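**Q** Chain residues, written in single-letter form:
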Amino acid sequence: MESAAGNLYNQFQSLRAQVDGLNEGIEPQFLQLAVNFEECRKKWLRSGEELVSCKEMLTKAETERGALEVKLKHARNQVDVEIRRRQKAEAVYEKLERQLELIRELLVSENNGNSVHLNEEQRSALAFLSAHSQAAQAAKSNLNSSRRLNTIDESASLLSDISYDQTDDSLDWDTSTMKTVRLRKRQKRVSHASTQIVFSCINDFVNESVVAKTTITVPVNGGAVEAVSTIETVPYWTRSRKKTPSTPVSDFPAQMQTPKPKGGKKHHFVSKTVIKSEFCVPCGKRTKFGKMYLRCQDCRAVTHPECRERCPLPCNPNAFSTPIKNTEATLADFAPATSPKIPALVIYCIKEIEHRGLHEIGLYRISGHERMVKELKEKLIRGKTLPPLNKVEDINVITGVLKDFLRNLPEPLLTFHLNKAFMEAAEIQDDDNSLAVLYQTISELPEPNRDTLACLMIHLQKVSQSVDTKMDVNNLARVFGPTLVGHAVPDPDPMTILHDTNRQPRVIERLLSIPTNYWSQFAYPDSTAMDSAHHSVTPDRKVSMLGPVTTPEHQMMAKTPSSTSLSQRMITIKCFKIKDIQHYSGIERLWYIVSPYLREFKDFTNISSSLKF
Amino acid sequence: MPEQSNDYRVVVFGAGGVGKSSLVLRFVKGTFRDTYIPTVEDTYRQVISCDKSVCTLQITDTTGSHQFPAMQRLSISKGHAFILVYSITSRQSLEELKPIYQQVLAIKGSTESIPIMLVGNKSDEMAQREVETKEGEAQATAWKCAFMETSAKTNSNVKELFQELLALEKKRDMSLSIDGKRSGKQKRADKLKGKCSVM
Chain A
1 MESAAGNLYN
11 QFQSLRAQVD
21 GLNEGIEPQF
31 LQLAVNFEEC
41 RKKWLRSGEE
51 LVSCKEMLTK
61 AETERGALEV
71 KLKHARNQVD
81 VEIRRRQKAE
91 AVYEKLERQL
101 ELIRELLVSE
111 NNGNSVHLNE
121 EQRSALAFLS
131 AHSQAAQAAK
141 SNLNSSRRLN
151 TIDESASLLS
161 DISYDQTDDS
171 LDWDTSTMKT
181 VRLRKRQKRV
191 SHASTQIVFS
201 CINDFVNESV
211 VAKTTITVPV
221 NGGAVEAVST
231 IETVPYWTRS
241 RKKTPSTPVS
251 DFPAQMQTPK
261 PKGGKKHHFV
271 SKTVIKSEFC
281 VPCGKRTKFG
291 KMYLRCQDCR
301 AVTHPECRER
311 CPLPCNPNAF
321 STPIKNTEAT
331 LADFAPATSP
341 KIPALVIYCI
351 KEIEHRGLHE
361 IGLYRISGHE
371 RMVKELKEKL
381 IRGKTLPPLN
391 KVEDINVITG
401 VLKDFLRNLP
411 EPLLTFHLNK
421 AFMEAAEIQD
431 DDNSLAVLYQ
441 TISELPEPNR
451 DTLACLMIHL
461 QKVSQSVDTK
471 MDVNNLARVF
481 GPTLVGHAVP
491 DPDPMTILHD
501 TNRQPRVIER
511 LLSIPTNYWS
521 QFAYPDSTAM
531 DSAHHSVTPD
541 RKVSMLGPVT
551 TPEHQMMAKT
561 PSSTSLSQRM
571 ITIKCFKIKD
581 IQHYSGIERL
591 WYIVSPYLRE
601 FKDFTNISSS
611 LKF
Chain B
1 MPEQSNDYRV
11 VVFGAGGVGK
21 SSLVLRFVKG
31 TFRDTYIPTV
41 EDTYRQVISC
51 DKSVCTLQIT
61 DTTGSHQFPA
71 MQRLSISKGH
81 AFILVYSITS
91 RQSLEELKPI
101 YQQVLAIKGS
111 TESIPIMLVG
121 NKSDEMAQRE
131 VETKEGEAQA
141 TAWKCAFMET
151 SAKTNSNVKE
161 LFQELLALEK
171 KRDMSLSIDG
181 KRSGKQKRAD
191 KLKGKCSVM
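Chain order of the listed sequences is A and B.
Heads up: the first sequence is residues 1 to 613, going by full-length UniProt numbering.
Heads up: the second sequence is residues 1 to 199, going by full-length UniProt numbering.
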């Protein structure tokens, strides 16, 4: 028993000793373990935080990348536009070249034929022209020579090579080249233009002679462009002295005006004697029996001679010459064959609405008298002459005509097949992406639809900015949604109608948020490219549509009016038709040459134009 | 859209800006907003009493700014009763109702059993009045429909308008008030109360 107890006791003792041993060792170890755990925890925490911050950086980078991609897309679009513009400009350049050549030949041949000694002025003109033609020849023969457009060639080829996966660095690099190209181009232009161009014309009549001279000076340092015109006649040919100098531009007989190119915006007026009284388009008054009036041969607009400058532009040749059935005619049938392909009806209505409708409450919301709308539309589409819109008392009739015209097209303006694309583009939440897709979709529109849409959008932006109408962007979008966007099929079922009606305004809202100058390139292609002087409003508004990437052309327009006038001159020279010139002689022919310049120069205040007799 | 036979559909027509939405909102919500927002199409629902039971009055507020024949035909064929609104400040707005009335007549066959109200809205703007009350009445007589001048702004005759419209319906016995009958809402409220008392 005792031994057992002793045994047990021993066992107990040994157990205790073991426990003690264990207890002694374990505490510091345990502490160590705890410390280790604590350290481990801290490490985890730190790496966790790092992970979070890394993730944040990643998302930031992602969004940046997205934004840059959109910019890249915009830049690419812009480049495409520029390339197209360049091609156009080149075509114009070549045409001009040819025409200069023709003028030169004319001068040479005329002198030979008449066997009259070359006058001094004539000689200088000839010298200029032949020098020019030689230069042009040289430029053609040597591609690396100073032919102006080569620089643009380079830039275009560089930029059009941007591929989709290029990095930000390359984009930066591209824009920088674009800038330098722009500078170079500008320098070239100025240097090229820093010369005195003298146009002169002499004619010897039986007993009098007319000497006329126009000198255009463009200084190298970019100073004021000067134009001096002199017309000298011997005393007794009074008629020419009296008539032409006093009213150099506006009152000149219509035949003498330079016929503008086919694609142009100008009217081609011929003067006639009034037999049947008609309404003058600009002033709305009747033409009086037996007096002279002007009629545009292309669009049949009628005007008093003194109102011709105010005649609405552009001229739309086709629109009124072919009466068409409204129900079947598509937009393209109404639009002229040359850009901007905007139906005349749209332009005339918009002109009138902007003229007196911008203070009307509920413009486009309130509808006009149905019968009057129908009648006016009928007259505009089918009539031989333009009904004077300022005689229409209720502006809502005119808005009604415009809406009715657009609504009853066999296909909505945004077309059936792009309907879905537009709706989906407008519903993209991210503004930039949405706009990028919209730009893409707009570029897929047929030209007449695109140009007309552009014209309308510019107009509606004006309306929305006019507080008096109470028609902000949302309201206009609600009214025009069904009219412009329509449905994807010709005869939608009721459910589609209901569903689409709620989605349509969003598209218009998005389209209205696109800057005006984007639309202007379609609605006024001539004016944005070369003709900004005639629309003095546009340059003020020019905000680059694509933010960082600036277009060389726009910059030039805004900053250097002198080069603008130069580019304009290119256009006007282009219009010379040699055979037309041959029909007139003496002072008339001179005016043929001089009048376009005077007309464009009067837009610039820094140009002094003087006439001496 | 499932066809609910119990619904009574009223469609409001009229030119743009005559106050169709204002009338409907005044009636449904009791409010008047001075904003200027064109309607695309809105539908409001209100519980009313009909043949001694409850039914939904469905008011469709249409668009006046652009007439789309397809949509108009749809609204007319679905509608049971019509409110034709013009503004007493615009003769043109009364003129514009004529083709709409003709359309209703063409789709419904005859308008005799169909409740139609001709409404001259904006009766508060007496200074700008272009259409005399008598002219509105004459038009209503020609169309064999009821006539009323209202003002959504001053809440004049708005409730009366809808009351009279419902009174014109001879096929059903309808009224705006739902006393004696409990609406769904009230029933639900009672149920909730009952549960509370148990707890």
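Hints were generated in silico from the structure; no laboratory data involved.
Owing to the predicted nature of the structure, the values given are computational and were not obtained by experimental measurement.
All residues carry an ideal CB built from backbone N, CA and C; glycine is no exception.
Each hint should be verified, as a subset may be incorrect.
What the hints assert, rightly or not - Quick list of the computed label-pair ranges, beta carbon to beta carbon: (1) Asp7/B to Met57/A: 52 to 58 angstroms; (2) Ala142/B to Asp491/A: 33 to 39 angstroms; (3) Gln465/A to Gln102/B: 36 to 42 angstroms; (4) Asp7/B to Lys384/A: 50 to 56 angstroms; (5) Ala67/A to Pro69/B: 41 to 47 angstroms; (6) Lys159/B to Asp493/A: 35 to 41 angstroms.
To be verified - The calculated lysine to aspartate or glutamate pairs, modelled on DMTMM-like cross-linking and capped at a C-alpha distance of 25 angstroms, are: (7) Lys78/B to Asp500/A; (8) Lys159/B to Glu125/B; (9) Lys276/A to Glu309/A; (10) Lys153/B to Glu309/A; (11) Lys134/B to Asp173/B; (12) Lys374/A to Glu95/B; (13) Lys470/A to Glu130/B.
**Q** Now tell me if each hint is right for this structure.
**A** Quick rundown of the hints versus the structure:
1. Asp7/B to Met57/A: 52 to 58 angstroms: 57 angstroms Cβ-Cβ, so the 52 to 58 angstroms window holds.
2. Ala142/B to Asp491/A: 33 to 39 angstroms: Distance hint for alanine 142/B, aspartate 491/A holds at roughly 34 angstroms.
3. Gln465/A to Gln102/B: 36 to 42 angstroms: holds, 39 angstroms
4. Asp7/B to Lys384/A: 50 to 56 angstroms: Hint holds: Cβ distance 54 angstroms, inside 50 to 56 angstroms.
5. Ala67/A to Pro69/B: 41 to 47 angstroms: holds, 45 angstroms
6. Lys159/B to Asp493/A: 35 to 41 angstroms: The hint (35 to 41 angstroms, Cβ to Cβ) holds, given that lysine 159/B and aspartate 493/A are roughly 37 angstroms apart.
7. Lys78/B to Asp500/A: holds, 19 angstroms
8. Lys159/B to Glu125/B: Status holds; Cα separation ~19 angstroms.
9. Lys276/A to Glu309/A: At roughly 23 angstroms apart (the allowed maximum being 25 angstroms), glutamate 309/A and lysine 276/A satisfy the hint.
10. Lys153/B to Glu309/A: It is violated: about 49 angstroms lies between the C-alpha atoms, which goes past 25 angstroms.
11. Lys134/B to Asp173/B: violated, 30 angstroms
12. Lys374/A to Glu95/B: Answer holds: lysine 374/A to glutamate 95/B is near 15 angstroms, not above 25 angstroms.
13. Lys470/A to Glu130/B: Satisfied, since the Cα-Cα distance of roughly 22 angstroms is no more than 25 angstroms.
Checked against the numbered hints above, the structure violates hints 10 and 11; every other hint is satisfied.
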